[in-house]
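There are 2 protein chains.
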Amino acid sequence: MKIAIIGATGMAGTALFKESVLRGHEVTAIVRHKDKAVSLLGDGVKVIEKDVFDLTRSELEGFDVIINAFATAPAKAYLHLDLAAKLVNIFRETERPRLFFILGAASLLDENNKLFLDTLKTSPDVAPWISIPVEAYKTLNFLRSIENVNWVGVSPSAEFVPGEATVPVLGKDHLLTSSEGKSVVTSGTMAVAILDEVENPQFIRTRFTVCNQ
Amino acid sequence: MKIAIIGATGMAGTALFKESVLRGHEVTAIVRHKDKAVSLLGDGVKVIEKDVFDLTRSELEGFDVIINAFATAPAKAYLHLDLAAKLVNIFRETERPRLFFILGAASLLDENNKLFLDTLKTSPDVAPWISIPVEAYKTLNFLRSIENVNWVGVSPSAEFVPGEATVPVLGKDHLLTSSEGKSVVTSGTMAVAILDEVENPQFIRTRFTVCNQ
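As you go down the protein sequences, you meet chains A and B in turn. Per the UniProt record's numbering, residue 1 is the first one in the first sequence, and the count goes up by one each step. Per the UniProt record's numbering, residue 1 is the first one in the second sequence, and the count goes up by one each step.
Hints are computed from structural coordinates only; laboratory data are not their basis. Wrong hints could be hidden among the right ones.
With a straight-line Cα cutoff of 30 Å, these simulated DSS-like cross-link-like pairs (lysine-lysine) come out [unchecked claim]: (1) A/Lys50 x B/Lys86; (2) A/Lys2 x B/Lys2; (3) A/Lys114 x B/Lys114; (4) A/Lys86 x B/Lys2.
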């Protein structure tokens with residue numbers, strides 16, 4: 001399939017790029033800096049070098065799947081919501097491309113059905129980064145109101161760290177933990193789970209979550 | 001003040017245009033068809049003739065106030081949400097211009113605190129038009145999550161009809177009725193209430209509602 005990855009030079013993005021190539025898909029990296037993409041992803045990488053907010057419909061409509069692994073500084077966290085709204089607007093009344101959004105873990109529920117975001121807010125020293133999970137949660141709520149675009153949300157586990165792929169465990173709206181009680185997903189496992197979903201869609205206009213076994 | 005009115009040739013827009021001119025503001029009509037604007041608003045009307053989704057920051061940032069009186073067919077009602085997201089994206093981290101959104105009455109509560117949209121959904125033959133209040137409600141919920149843009153929402157009463165100005169009665173989140181028990185606002189009264197709010201801001205990042213006395 002033709003897959004575009006927004007933010008392909010980030011932690012999630014590089015793992016997604018490698019897993020997509022491994023499975024034989026035709027992958028395009030959408031990045032701000034081509035040099036960085038070439039150095040991280042190889043000389044042969046297909047690149048659209050552009051600010052995401054300048055992307056046009058004609059540049060994006062040829063893809064079967066667009067995976068949004070956009071990342072930004074906490075002060076600009078609201079751009080996650082704005083980018084979701086922009087992609088939704090471009091692809092209203094379409095089923096293709098399918099749009100994947102990596103949304104953070106804060107919108108998941110714990111075993112007492114308490115929103116993980118509310119727990120995060122009570123942690124010490126959250127001010128420097130809390131805008132990221134806050135805006136990711138808004139983005140999911142925005143997407144949940146969208147009925148005529150083919151979107152899917154993906155939440156990592158409580159910890160989302162660089163690392164090789166293991167067998168992914170999937171869930172819906174609750175924070176997952178491994179058999180050892182850890183809520184961790186590696187970028188490699190996340191990429192496997194997302195590519196599985198790309199190739200075999202099971203979560204249509206909803207969100208799923210991924211954990212390392 | 002410099003005021004732009006999106007949808008200035010519609011029912012709400014024409015009344016807003018006339019009230020703004022009457023009060024001595026410098027008004028620009030943002031419309032799809034200049035001819036229609038000239039015939040409805042007069043030869044001297046200042047016009048930006050453009051699809052709203054093609055508007056750029058540089059075209060809009062000179063205004064003190066932008067009043068969004070955009071209207072669309074029910075099949076495209078989702079464009080209300082998309083336009084709100086576009087304007088929010090353009091004006092992130094600003095206090096000026098102030099953005100007014102006309103949002104419909106469906107997001108108001110009745111005397112039993114029941115959402116008026118839920119009552120509307122139970123009316124007969126709602127299918128042809130229910131998308132309009134549904135999307136207006138989504139738009140308000142979207143705006144309620146926006147903290148770094150100077151937005152204000154305005155809901156009419158249950159009936160929003162063409163007509164001269166009377167003295168407006170204002171409320172917050174509950175459907176208003178007149179002393180005769182009617183929930184009606186005319187376009188003229190709506191325009192008076194909005195221009196009062198333009199000149200004397202009282203509702204910051206919140207929504208208010210207007211009724212004829």
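Hint consistency between A/Lys2 and B/Lys2 [alpha-carbon to alpha-carbon, up to 30 Å]: The hint is violated at about 47 Å.
Restraint status (C-alpha distance of A/Lys114 to B/Lys114 at most 30 Å): 26 Å, holds
30 Å limit on alpha-carbon distance, applied to hinted pair A/Lys50 and B/Lys86: Roughly 19 Å between the alpha carbons, so the hint for A/Lys50 and B/Lys86 holds.
Straight-line alpha-carbon gap A/Lys86 to B/Lys2, limit 30 Å: 28 Å, holds
In this structure, the one hint that does not hold is number 2.
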